[in-house]
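Protein chains in written order, with numbering that gives the first Met the number 0: chain A, 0 to 427; chain B, 0 to 253.
Rather than coming from a laboratory, the hints here were simulated on the basis of the structure.
Some hints here could point you the wrong way.
Under the rule of at most 20 Å between Cα atoms (straight-line distance), these lysine to aspartate or glutamate pairs were calculated in the DMTMM-like manner [unchecked claim]:
(1) K127(A) with D196(A)
(2) K90(B) with E180(B)
(3) K265(A) with E7(B)
(4) K52(A) with E7(B)
(5) K214(A) with D257(A)
(6) K52(A) with E53(B)
(7) K194(A) with D257(A)
(8) K265(A) with D4(B)
(9) K256(A) with D210(A)
(10) K93(B) with D4(B)
(11) K52(A) with E180(B)
(12) K348(A) with E390(A)
(13) K132(A) with E390(A)
(14) K261(A) with E7(B)
(15) K132(A) with D210(A)
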Amino acid sequence: MNTMLIFTLLVALMLTGMPISISLGLTVLSFLFFMTTVPIESVALKLFTGIEKFEIMAIPFFILAGNFLTHGGVARRMIKFATAMVGHWYGGLGLGGVLACALFAAVSGSSPATVVAIGSILMPAMVKAGFPKRFGAGIITTSGALGILIPPSIVMVMYSVSTNTSVGALFMAGVIPGIVLATMLGFTTWHRAKKFDYPRQPKATWAERWDAFRKAIWGLFLIIVVMGGIYTGIFTPTEAAAMAAVYSFFVAVFVYKDMGMKDVPKVLLSSANMSAMLLYIITNAVLFSFLMTHENIPQEMADWMLGTGVGVIGFLLISNVLLLAAGNFMEPSSIVLILAPILFPIAMKLGIDPVHFGIVMVVNMEVGMCHPPVGLNLYVSSGITKLGITELTIAVWPWLLTMLVFLVLVTYWPTLSLWLPRAIGMIN
Amino acid sequence: MRFLDHLEEWFITFLMGAATLIIFVAVMHRYASGLAIPGVQDWLLGLNFGWAQELCIIMFVWMAKFGAAYGVRTGIHVGVDVLINRLEGGKRSKLILFGLLAGATFTGIVGTLGARFVWENGFHYAFLSWFGTPPEDLPEGPTTPDLEWPTWIVYSAVPLGSYLMCFRFLQVMTSFVRTGELPHHDHGHVDGLDEGPPEPGEEDAIYRMEDGLHPHDLRRGVDRREPTMTSVAPDVERRSGVDRRKDPRLGDGQ
């Protein structure tokens, strides 16, 4: 009864179009005030203590690092390197785009940022080289989604915050699925390019490749700083994020010099703006999950779900459908923060690995970002390519289909995500 | 008013930069003090950065509270607007007004709750101490573990930030009533990636925050009655005459 009331209230408030954070907070306030005897003073304290965790602070740091990388010319050099390596195969620049997105994803924690960073440079080049716009748009929109699967990933930090799963293990678990998805997207690109006989690049000599590599090395080294640092235990994930932010600032301003000191405050401000929005959603989501725990909702849902006799396979199917459906209305951070506390206890009772479940959620979020009506990647690439949303939706489908196949693979083959963190001993 | 805007921007920019630097220095210190450099090592070991983590958290929470208020002004707080964008003018404006009012109510209530909490947890004591001796029975309030700052100072981010946010909601509401426009954050934009030389008078455009971030941008706010637009859509039509799709910019962290 209370469960119904809480969710009806939440959905009703959300549908009025008010910020998701506000609708979460108002649901909690009004429910606590009218239906319970919990002193609402505790709410104010929760608004502070909710984000008083050092792990959460990785989010602002990763956003800052990502902004420095995007402004600082790192993406441009990565694209040059990627096309020098794979540009001579079928798909040429397109294949280079997939690789460049994968490389940039390994230094950035956000999908739309990856789409912007790679797409805004590569798209014009592809059109100039004679590729149809739709082809390029399809590649960039979907490959950009790698941003949240290949570590670092802001969505993974969100998941770890709401379920107390290790960020480091999640990051490691994302590596192999990320490479597999990049390969699959690359294959789709190659296949379509071959079918329609799209132009290829002249094969780069090894000297040219070395030169491109040398120029991109500053950006590529960041992958080692972040992943190596976390893996060897030199840094905690948050510290690694802070190091990445300082490092990318250094590279952008002093090495590549694509950005001047005078631009730094602007980057800081826009990063702070974005981080504050995400942190505000987190605080209110923490409030909301406090309310849910207080009303024992996750437990009830779990008992009910298990009572229906649904097994692991059925539950994962239900989760996927639910997450994909939610992807039609909300952006990933909110979905993870609202649904993870509900789905996670059920998954645990069914014996699903927390890290594996996290990766499944992240891949679902990726798919949600690439299809209308709220796929952020779609809107971002529509801004870059000047294609309408409807046209883009059609352009994206071969790669979206590939992603759905990959989603099934990741969902029902846990070893794919769990092998690496197990092999290096981060989880049992 | 303009002063408040600048103070807010300056404050969150500072917190973001300073917190990053502090963690960087603390990590560097941790490893540098392990190096056996005569003289330097003793000096480094003498420094204590145990408070860095706590300070970073405090700074980011303050940044989150004030940044959230700034975010109202820049329209970065996303909502589910699939439904309301399908409604026609009158109903849509009513729902938007309701949303803004709800935001103001929520932040107002939270601000008040926070203020009461801060008052009871040491501000009352501190307040009376400033004007003579505090009464015996009043608690002095707790302090933070590492920095040993009074918690009421740290927690005052909640009332201050929430009241500021409430004020911003009311501000956006008045301007919506007056002009029918909302601030709008554009996720599809990236600075500094433009092709070709900038147009005259637009040289600094790549680093101007043209994402509807300032009150004067409200005038140019997007017409969200476009049925296909959602809050995350790069609004191409905002600046009439200029095709903004030519300069994709960034501001996103998904």
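Against the structure, the hints:
no. : hint                 : result
1   : K127(A) with D196(A) : holds, 16 Å
2   : K90(B) with E180(B)  : holds, 15 Å
3   : K265(A) with E7(B)   : holds, 14 Å
4   : K52(A) with E7(B)    : violated, 24 Å
5   : K214(A) with D257(A) : holds, 13 Å
6   : K52(A) with E53(B)   : holds, 9 Å
7   : K194(A) with D257(A) : violated, 39 Å
8   : K265(A) with D4(B)   : holds, 15 Å
9   : K256(A) with D210(A) : holds, 18 Å
10  : K93(B) with D4(B)    : violated, 28 Å
11  : K52(A) with E180(B)  : violated, 37 Å
12  : K348(A) with E390(A) : violated, 43 Å
13  : K132(A) with E390(A) : holds, 10 Å
14  : K261(A) with E7(B)   : holds, 19 Å
15  : K132(A) with D210(A) : violated, 29 Å
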